[in-house]
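These protein sequence lines are chains X and A, in that order. Position in the first sequence (from 1) plus 776 gives the number in the working numbering. Position in the second sequence (from 1) plus 4 gives the number in the working numbering.
It should be emphasised that the hints constitute simulated quantities derived from the structure, not laboratory data. Possibly wrong hints are sitting among the right ones.
Unchecked claim - With the Cβ distance kept under 10 Å, some of the chain A side facing chain X (calculated, not the full set): (1) G55; (2) G57; (3) G98; (4) Y100; (5) R113; (6) V151.
Said to hold, decoys possible - Derived DSS-like pairs (lysine-lysine); straight-line CA-CA distance at most 30 Å: (7) X:K1037 - X:K1108; (8) X:K881 - X:K1108; (9) A:K249 - A:K196; (10) A:K204 - A:K66; (11) X:K1037 - A:K133; (12) A:K160 - A:K196; (13) X:K1073 - X:K1108; (14) X:K934 - A:K133; (15) X:K934 - A:K182; (16) A:K196 - A:K133; (17) A:K249 - A:K160; (18) A:K182 - A:K196; (19) A:K204 - X:K1037; (20) A:K66 - A:K182; (21) A:K160 - X:K934.
All of these numbers come straight from a predicted model, not from anything done at the bench. C-beta: ideal position from N, C-alpha, C; glycine also.
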Amino acid sequence: MTRNGSLRVVLQLAVFAIVMFVFISPASAIPAFARKYSLRCTACHESWPVLNDFGRNFRDNGYQLRLGRDDAVTADPGYWPVAVHITPRYLYTKATNQATDQGVKDIGSGGVADASIDLLMAGVLTQDISFLVVPTGFAADGNVHLESYWAYFSRIFKNSDWLNIRVGQHEVDLPASGHRGISLTDSYLLYSYHPGVPGGNNLSAYDMGENQQGVEFLGHDQTSLTRYSVSVFSAKDSLGSQNGLSSPSVYGHFQKYFRFKDGPVSEAEFGAWGVVANYPTEFLTSGGAPIPGSGSKLQSSTRYGVEANVWLGPTVAPLHLDFVYGHGSDKKELLMGADRAGTWNGAFVEAIWVPPTDLLHWGIFGRYDIIRNQNQSLSTAPSNYNNQDQWTLGARYTIAYSIRDEVAFHGEISSDKVKGIGIGGLDQRVDNIMLGVDFTY
Amino acid sequence: MFYRVALWVPVLTGLLLAAGSAEAANTGNAGNGKLVYQRYCLSCHGAQGNGQGEAAEYMSIKPRDYRQGTYKWRSTPSGSLPLDSDLEHTLLNGLYGTYMPTWRALDERSRLDVIAYIKTFSPRFTTEKPQDPIIIPPDPGYSDASVARGDAVYQKYNCAQCHGAGGQGDGPSAHELKDDWGNALVPYDLTKGHVKCGDKSTDIYRVFMSGLAGTPMPTFADSLSSTDAWDLVHFIQSLSPGYAKNMAGTVASTTAGGAR
């Protein structure tokens, strides 16, 4: 882009931002839990949608406050367990070193992006049995799918929080939620990364951030300061094997929080996590095409790592630092053309700052993601092939929130650079600029 | 490099934690407490602490107006300000059957900070001191005989006038009651197996002696003996299997401590 072109984009964005601030009036409707319990979004979210201590405990308890007003009969008659979330936004994306018929080019385009909505339906069916159903989509392509659907059975043993069971399609208990991240233009690289062979495919499609179909066993202490979660599931996007679980996988996570009454650190958390996801590598075929459900010779993608969170300053308006490290390995049988297993390390550091301003309107955030391959699955590939660096900066200003809705102005920029995947081993980079209105009601 | 980073993170975190090992304060910071209040309390209790937050209009049980310094749940005698520990008790346990949840998941620093801020709504906290807590003698123990005596106490003090003969909150006066702010009140249904201000036998005992300030529930401290009060506690506990009953008659707690 020329200097004049850049200036034009900046001016357009500035005008758009002014229009957003001046003309947007608060939405007026009812997010399900805020309406049910007469609490503002801030009660559960450090900076929406990242949960705080109270929100995490509320979720672990099956979205119940246990005051005798939780289930469908005793809850406030005005409660209806449906909320809508949507983010109309301007998005400019530039991708470098793209292969075209005219040679290697940079491609940049922007516009008001096609938005989809989340229909968030959640509540308590009866005491200690809660549910969540989230259809998402409804964009111009007309597609709708169920992002989540589960039932959650709390306190399997009477009055003990140490065994709860979730059944259905759910997000595994990640160090930082992939679906509840504060960034709207990128995702955590660590969750979705797979080593690659130049020009080859990977039979494992495992993505830690993607919701999985299975059973979660979860336990915690009274305030969710010590937690564990084990999910057993059949990994998504697998053609399926002839086993009881077609793509048998298990994920585990343990977290321990520490609180400090005085000093710069108000809270800290340490945790460990790991997953083994198995995918079939051989299939019966029909006309040369694999027959779904006929797979065999399962091979694994493994991921494991540690995490640390630190909250500086009062927890009500903290500087929250989140560090997650992981090591990954994909068996060579999963990687077409590979001559050995691919191994790699990844990490991210995320900072979220809630300035201690009146009514806590602001959330400022940044993140750095990094992927470094350890053993390329093709031993002759360059050692830095497919290494990635991604950074994100953003700010979120909540224009208004109430017990019935929230509307926020959200702006962020991000950049993701990948080594050697372009034509002739060129690096590729994707940059995003986003300005939008994020609202839920 | 990753292993080096992974090693440094806990080291740096440890240094930060060590820096925070100074002696803990026992009172909150009202400045931080204002933010805690805005995050969690504002929607019900209102920006002015007058109990008229945006949600109050839709609540059948109205949020407390903090400006008078009158609190239902106290360990102190009728008419007294509460102790900080009384306010924290309510934060930790919530008020069952109302919209006030347990804030146990909040860290202690936030709880102390918001208590410090809530106290700024009433000038009484700058001019008065809370009285000494009520002394609660040991629970003599739940028994059928004590329940029978408690039934008689329930009749003698005409509790059924509000709470009903069966304790279901449906007495003859049930629909005429109002709080000090003129809001209609329904007497508590004692058969639920939970008591609003705490389920322990000492919590129930304390209500008889301290009353529930701002409501028609009076104190019986001047007329009810401790023996009668314990019998009445046991009678109420007999109304539902949900109550934990102290069958062994072990020693109960005596007072609540905490800053004033």
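For this session: If any of the earlier hints don't hold here, list their numbers in rising order.
Result: 1, 6, 7, 8, 14, 15, 16, 21
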